[in-house]
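Trainee: Next come the chains, spelled out residue by residue.
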Amino acid sequence: MIRASLLLTAVCGSPVALCAQQPAVIPDGYRVETIETPAGRAFGVGGMSFAADGALFISTREGQLWTLRGGQWRLFADGLHEPLGVYVDPKTQQVFCVQRGELTELIDEDGDGSADLFRSVCATWGLTDNYHEYAYGLVRDGDGNFYGTLNTSLSWPGWAGSDKWDFARVHDCKMGRAAKYRGWSFRITPDGVFEPWSSGLRSPAGVGLGPGGELLCTDNQGDWVATSCLHVMERGDFHGHPSSLTDAPGYLGKDLNSISVERYGELRREPAVWFPHGDLANSPGEPILDETGGRFGPFVGQLFCGDQTRSNVFRVVLEQVGGRYQGCAINFIDHLQTGVVRARFARDGSLWVGQTGRGWGSRGPARFGLQRVVWDGRTIPFELSHVTAAKDGFVVHFTRPADRGRALEPGRYRVKRWRYKHFPGYGSPKLDLSDVAVARVQLASQGRAARLQMALEPGYVYELNVDVTAADGSALANRVAWYTLHALPE
Amino acid sequence: MPHQSLTRFALLAAWSCSLVAQAPPPGFEAVDHEVELGVLPGQLRFDQEELAVAPGSKVKLTLVNIDAMQHNFVLCERGESVAAKVAAATLQLGAKASEMHYVPELDEVLASTKAIFLDQRDTIWFRAPKIPGDYPYVCTLPGHSFTMKGIMRVGAVASKRAKVPISNLRYRVFRGKWSELPDFSQLTPFREGDIDAGMLELGPLGERQNYGAVFTGSIELAESGEHTFFLNSDDGTRAFIDDQEVVAYDGVHGAAKEQRGQVFLAAGAHQLRLEFFQGGGGQVLDFAYAGPDGKRRDLSTRRRAPPRVTPIAVVDDAVVMRVHVEGAGARTVAVGLPGGMNYAFDAERCAVQFGWAGAFLDVSPDRDGRGGRPCKTLGLRFGVGDVGFPLRGVGGARDAVRPARFRGYRVAGAPTFGVEWGGLPLTWSIAPAPSGVGLSYTFAFEEPLSEALLFVIDPRGLALSSSLGEVTDGRLAVPAGSQQFQVTVRNLEDVR
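The listed protein sequences correspond, in order, to chains C and P. Just so we're aligned: 433 in my numbering is position 426 of the first sequence, and the numbers increase by one with no gaps anywhere. Just so we're aligned: 419 in my numbering is position 313 of the second sequence, and the numbers increase by one with no gaps anywhere.
Hints are computed from structural coordinates only; laboratory data are not their basis. The beta carbon of each residue, even a glycine, is placed where N, CA and C say it ideally should be. One or more hints might be untrue.
Said to hold, decoys possible - Computed spacing ranges between beta-carbons, pair by pair:
{"hint": "1", "chain 1": "C", "residue 1": "Ala46", "chain 2": "P", "residue 2": "Gln198", "range": "38 to 44 Å"}
{"hint": "2", "chain 1": "P", "residue 1": "Gly387", "chain 2": "C", "residue 2": "Leu82", "range": "22 to 28 Å"}
{"hint": "3", "chain 1": "C", "residue 1": "Pro164", "chain 2": "P", "residue 2": "Glu155", "range": "34 to 40 Å"}
{"hint": "4", "chain 1": "C", "residue 1": "Asp96", "chain 2": "P", "residue 2": "Ala569", "range": "44 to 50 Å"}
{"hint": "5", "chain 1": "C", "residue 1": "Asp123", "chain 2": "P", "residue 2": "Phe223", "range": "27 to 33 Å"}
Bound conformation, chain P alone:
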């Protein structure tokens, strides 16, 4: 691998409160690329999974965290498994991980932000690699890198912008619950960004309820004369040209009646500002104008809303949910463990059906409309060799299957399932595997076993280890007298 001549900035020591503006290092007062990278709450994903910069260009990147979980941004050297190597190295940092912002000291790390909490932002300045190529970036908080990743493409970047209806269109988003438009100048935005397409749109704001937004930009008018502005919205809006109000539709309402405002404007560029707020329910923003020629020109676009996702975040404690899950049994207990490992336990068969690495569940199929539909797993699925309840009796000609009955579960740390197997009560706790992608099972009996048993599993694609020695061909002898044993099931292949 050629030596990378990239300058790695250790970044300013003043890593302070996120809302205090950070100052660029010398030479970066003006940059070539300004990137604001957000996260999708509860989904362990960045809001942009592809970035493009020119080779050797100056980049200003701000990570904005609106998630309950802590996140960082780590730009890595090119290479297929480099990001995975960096993430794995993070797990070795141990107690120092937090103060190092979960960034290992590796040559493969090209740039990184702090690990920041909810409503914090962190800006870094760096020079993009000079060698064109695809450079992966990840969040290296434990368990996040499975799905929280993207590619920074270093290469030719189209810099010339097509002429757009509103140039330099920028938005700022505010949180709050209002019945009419507030004085946004007194409020602090929690998020801002650009809309390169130059059309007003609510989609990029990524919000559904109780928020406000201020759009700014400029419009170019062809002729001097009377201009009419058309505004319809759900909920309230007010539009200004050169700080003069031209039309308003304030208050909480549906997009019931288009409002009009007329104003005499000279030809040329004018500053546009549009204020908007949304309470609950539907949200609409339609804005257009007509010049002296009477031709109506749209300044907004309504795109299909992105599919609604209602993620359940796993933060400090395991989350246990009984819902339908795609591809799982009807009596599934879905469990999200801290650290990005999740699994589906089938309470009908007393078996782990599959696991997934990354974020936990999108429960919108269960909660929207009539609900009750199978929820989506948000991470990458992996097999766990499901053969039903995995204990067998020995002594007969064949492994003896005995009926397993689900008795319930206890929630305290990782959940523990109670199973009555052929009359024998036992508990089965499931934790993340100590390393890699997988799960660690602990079976415990109330008394030492009076007979020898077998633990069985479909070993294909799995690395298996146990407290009782080697698991051979998916079989592990559990001797009489045992009262507890562990089996760790790790996935060998890349997760599907």
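Pulled out of the complex, with its shape left as it was, chain C reads as follows:
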């Protein structure tokens, strides 16, 4: 298990500019502010990190690394190869970024505010000019180890932009492995030694740490990935996309097409939480833990994650049942100005979201951007806080007391369930979709928890659509929770 390094963040000066246009879905007490990005620059956010002094470092898909300090943007480095992760060490102030082909330390030797020395820390993984070979990050643990993920190679003829595409396609899947360790997560030791960590990833666009120090990443729906999801990654895990097994001990030289689809399903560690495609997330970015101590409202200890397509931010709450991670996902803010791929909490408790809409469709119209979500410090919105599994149903936890009359009516909870199949096709339909009757509702915790009795079966995603108001009549901004059930509590 990984210990999270201390996150020391501070406000990075007053925002450069604000704009009052609010997204379509936003809980009471929250507002969105738009930060002006450097004038005249394309600014597709690829990585974000707050330094201990409060300065915000942002790496962009266009290869630049900017700092926002005291409301002023400054170009810290240029000419980087699509850096999709940046990490400013809170203790040493060292600046690291992960480029497509290298973990690099950027050193400002003369102290003029821009890097002069680009030190190669590690470049051990394989890389071709296949455009889909992204490297994502960047997480560091208390021992100074870095963690990140490596995208598989695109294996559609004509689409890869490269002659290197037809490699390790397993059962005719769409993504392959044109170079070593594509589809792996990695650890890099402080002295630059590359260690493959877990395999079976497809397009793992965001890495983060969980409340228990768990190493997490999201993955994007596609071949062998039924719908987008959140993985807990422990050393040696195989997450389900087989192309990466080319580089796994025990599979070296083996014909991966000789292993059946069903067998791959048995070999994998299933994602902790599924994010239903089209409902919640289509291409999620990085999960970030609310460690604000309450300065961002009532969701302390939960994970926040953005989505590039849907241009939203949603919450994920994990629990461990029978030794397995599972949990719920709930939308939070919807229809931001463009796709969200990165997020960081500032020391004042505001959530900064880094955005890009280029290359894949995003619902928000802007091409790129930076916004921050601010809580007013007073208003507790009436929301579904989280959902936990019980032996004979679910417990829906509200952020504040629900209206008793409504909350006790079983008909106000519409529950559906379905499961996904693990196969080489591009995304799974919802299989065995059916309604689930809620037999009985009991309220607990002074109306803050509704215990829904129903028959549960592991292996399904449950959608809980809640039509309940608060005791004071407030409506829910987000009514739906999706719970991924792998195991029932004893």
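Chain C is already provided as a structure; the job is to place chain P on it using the hints.
Mentor: Quick look at chain P alone, frame taken from chain C:
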């Protein structure tokens, strides 16, 4: 070579601010050819690489610079290597180069403009050579002539123009960001030109965003009666006939709905004026009319947009970019050096893969859409004898290859690469060769070498020199005790 009887005008002493109209010298009040020559920003290219004039004709040529780099126009005598000779002579001007506008005093120089900066223009008047032939023109700023060149063809010029929908069609381009059409009469254009084809078109404007344009010309109407004008655009437009508005579609929008306007017009010639502005995103201009016969006649044409080029300009400082580059390794560090010399360093093998002379990189493959695709080199490639990391140990039966590991680079002037070679840390700086097409390498060690080494290179097609003496058969002995040495790699052949 026959003596050229061309009159070379030293041009007016009043070489002043570019936007002040320059006056023609006596005898050139009326000219035979009027040429506006532009540049492609960041690409070290003129926007026209072929001009045609009649022998002995009077020519008015205006160079318009919309690039971050300084440029000039130098018309040269005929001959295959004349332009290269003129460009090389420019390098010998030394400190005087700037005040001489980078134009050497050579008989081969037939006409030239000033060296002008961004948003400046300079007009010259000259008489074209009397002897027909192909006369090269170049920009002689250091490093530009590799790619910034063209040919002025002196010979028979088709002067008769076919009948076109809009005659004397002229455009003026303005820079600015608007949400509706501005009063263009209060603004100064930064560029203007003619569209000989006589159809409205956005392509020749060469702009993508935040600009405005005013087109003027005249149309000939066959019949008197009601005329309908059809207008669709992205973004805003307004059309006038004889200064009377006939149809408008102002504001920021897509080409969503065709607008119509009706007006009674008499047969004969009428002045057309169409105003247009573009913010960001797509740009469209569709304009047509129908006379009393109801037949629709297009006044605009939509051509395929030229391929998008996003050049990275190298101005005063070296530019270092890690991107995929066509034909280079996946871990390439592309470097553009001031003076038009560029190279691709492979960080995986610690080797210079190739160089190119001219402009640096078109990064649109890396930036458009999903991006991540190999960028195009904009100049002319040359080989540098790549054999991998070029040091070898000596003493064994064969040259000893030792593993070379890339340690990073320092950016300060020309970038310096750090390499750990068989445990030995060293730096490798790369600068343009002092002359010609090539690169100059400096290898430096932290301490004097405790052993003798070899520098090796594939010498084919290269002129090699070094601070340690002659490079023989691509091998240079580096004696023990050395702490630094230089090797200059110049390309013998014409650059490919």
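Trainee: Indicate, hint by hint, whether the structure satisfies it.
Mentor: Checked hints:
Hint check: Ala46 (chain C) to Gln198 (chain P), Cβ distance near 42 Å, so the stated range 38 to 44 Å holds. Between Gly387 (chain P) and Leu82 (chain C) the beta carbons are some 26 Å apart, a value that agrees with the proposed interval 22 to 28 Å. Look at Pro164 (chain C) against Glu155 (chain P): about 36 Å separates their beta carbons, and that is inside 34 to 40 Å. For Asp96 (chain C) and Ala569 (chain P), the Cβ-Cβ distance of about 48 Å falls inside the hinted range of 44 to 50 Å, so the restraint holds.
Distance hint check: the CB atoms of Asp123 (chain C) and Phe223 (chain P) are about 29 Å apart, consistent with the given range 27 to 33 Å.
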